[in-house]
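A.B. asks: Here is what each chain is made of, one letter per residue.
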Amino acid sequence: MRADDTLPPAGAPRTVMSETDVSRALRRIAHEIVERNKGADDLLLLGIPTRGVELARRLAALLHDVEGADVPVGELDITMFRDDLRTQPTRAPLRTRIPATGVDDQVVVLVDDVLYSGRTIRAALDAVADLGRPRAVRLAVLVDRGHRELPIRADHVGKNLPTAHTERVMVRLSGVDEAGDSVTIAAGETRAGRPSTPGGAR
Amino acid sequence: MRHLLSSADLTRDDVRMLLATAAEMHEVQRRDVKKLPTLRGRTIINLFFEDSTRTRSSFEIAGKWMSADTINITGKGSSTSKGESLRDTVMTIDAMSVDCVVIRHMASGSAHQVSQWVDASVVNAGDGTHEHPTQALLDAYTMEQRLGSLEGRKVAIVGDLTHSRVFRSNAITLRTLGADVTLVAPPTLMPSGIGTWAAADGLTLTDDLDAVLASGPEAVMMLRVQRERMSGGFFPTPREYTVGFGLTRDRLRALTAANPEAVICHPGPMNRGLEISADAADAAQSLVLDQVSAGVAVRMAVLYHLLAGEEAAA
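Top to bottom, those sequences are chains A and B.
For what it's worth, this note's numbering labels the leading residue of the first sequence as 81, then goes sequentially.
For what it's worth, this note's numbering labels the leading residue of the second sequence as 1289, then goes sequentially.
Just so you know, the hints here were simulated from the structure itself, not pulled from any lab data.
A couple of the hints might just be wrong.
To be verified - Listing some non-contacts, in silico: residues in chain B with all C-beta distances to chain A over 10 Å: (1) ARG1441; (2) THR1484; (3) PRO1524.
Stated by the list, open to error - To spell it out: a stretch of chain A is covered by chain B in this simulated footprint if at least three of its residues, at any positions, have a beta carbon under 8 Å from a beta carbon of chain B; those stretches are: (4) 163-169; (5) 173-186; (6) 209-218.
Just so you know, these numbers come straight off a predicted model, no measurement behind them.
Beta carbons are placed, not taken as given, at the ideal position from N, Cα and C, and that holds for glycine.
All chains should be built: construct the whole structure from the sequences, respecting the hints.
C.D. replies: Structure representation (structure tokens):
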């Protein structure tokens, strides 16, 4: 419900990244990943469902173009590791699939669409720790919208996006969503104390 | 969901969500570190007044893998052996602020009764000859792993229906998932009044096992002959029961001929040589051990949905 009728409609989104922007940002992140890692050896990309998985797959394809290397991609669901389980109804966990290499001694790159409170990544770090002991864990996100609630930062960021708490950032990716790639921002109410909502809106 | 007392309480969406969760929990089971922090700080009491190997241990493992504290109390080792009533026993446990009571008791309806007395979530792990909902879920899960969707699949449940809570919960859950259920039993082991349920819920009743096997069902579930619950003659001799209703070597052959893909389930413990032959129990299409393996994953899913969410916290 809008508090003030002079505001633009809560649903009217503003595009902050176009399809080209998304693809350019991912290409840069792919380069950064191999630069930081001095090659593609021992890399393992773990996407956080749903859109993180799609982004991880795209990064793997780009890494193949850049380095000619086949970097394994996995899926890491963090539902069971969340710290806010008790504040919402339970939902079925999504897929977790770890490539046969495992995480031990690998350089794990966590991939997610939006970095916000940092709580998802906190949960992902716990989930990774239960799978083994990586040599290093890094974080790549398409959008960093600020408002961290934990001491967590991203190693690779597609776009830093200053936002207000009340705004919603929506990432759409072809392959997951009907529309093509885009990142939009909309004024909208967020539920108090619960910044992240499922379905690509954060 | 606050309690899991009867399979009839679960909608199709509930079952689908529990089975989807179980599939992911099954994945956890294959890891080196089988531990999730999800139920940290929760306490689960397994209150078992009847003997059990797989149900009790799988509930205990399920709770522990999700970081809950689990405590087992058996009828023999509890104050009930000193004459304490069931109500006093569960009220005592509830007074310790536990979050979940998993109960198995010889009285039908006991789980429902207990849920009226306590604040904790109650899971029915078998109440007399009434229901055993987690068994039905793990059977459905195991069959789906092998067969895919159970919608329209033919499932035969064979044996001692009168004393079987497994069959009751299974028939309900299988119907919820849209399976085509046939119940096979000698007339003496067909529960009285089942005709009404069968008519209302679309279950087929018969005492001709050979005809059912010849029709090529996708799954055949053999039930244990529960001799401990039998007082009186339900069949003349064990030998005669086997001839009429056992999954013998010859019947296994007939089943495989009618449907090479058919799977065989048994909730265990098996009476080899009575309701199921060793050939059938150990056959490639036997899912008996898969059922046990699924038991932990399904119970993790149930505990997660009962205890992790906001309803549980309220």
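A.B. asks: When the structure is checked against the list of hints, which entries are broken? Sort them ascending.
C.D. replies: none
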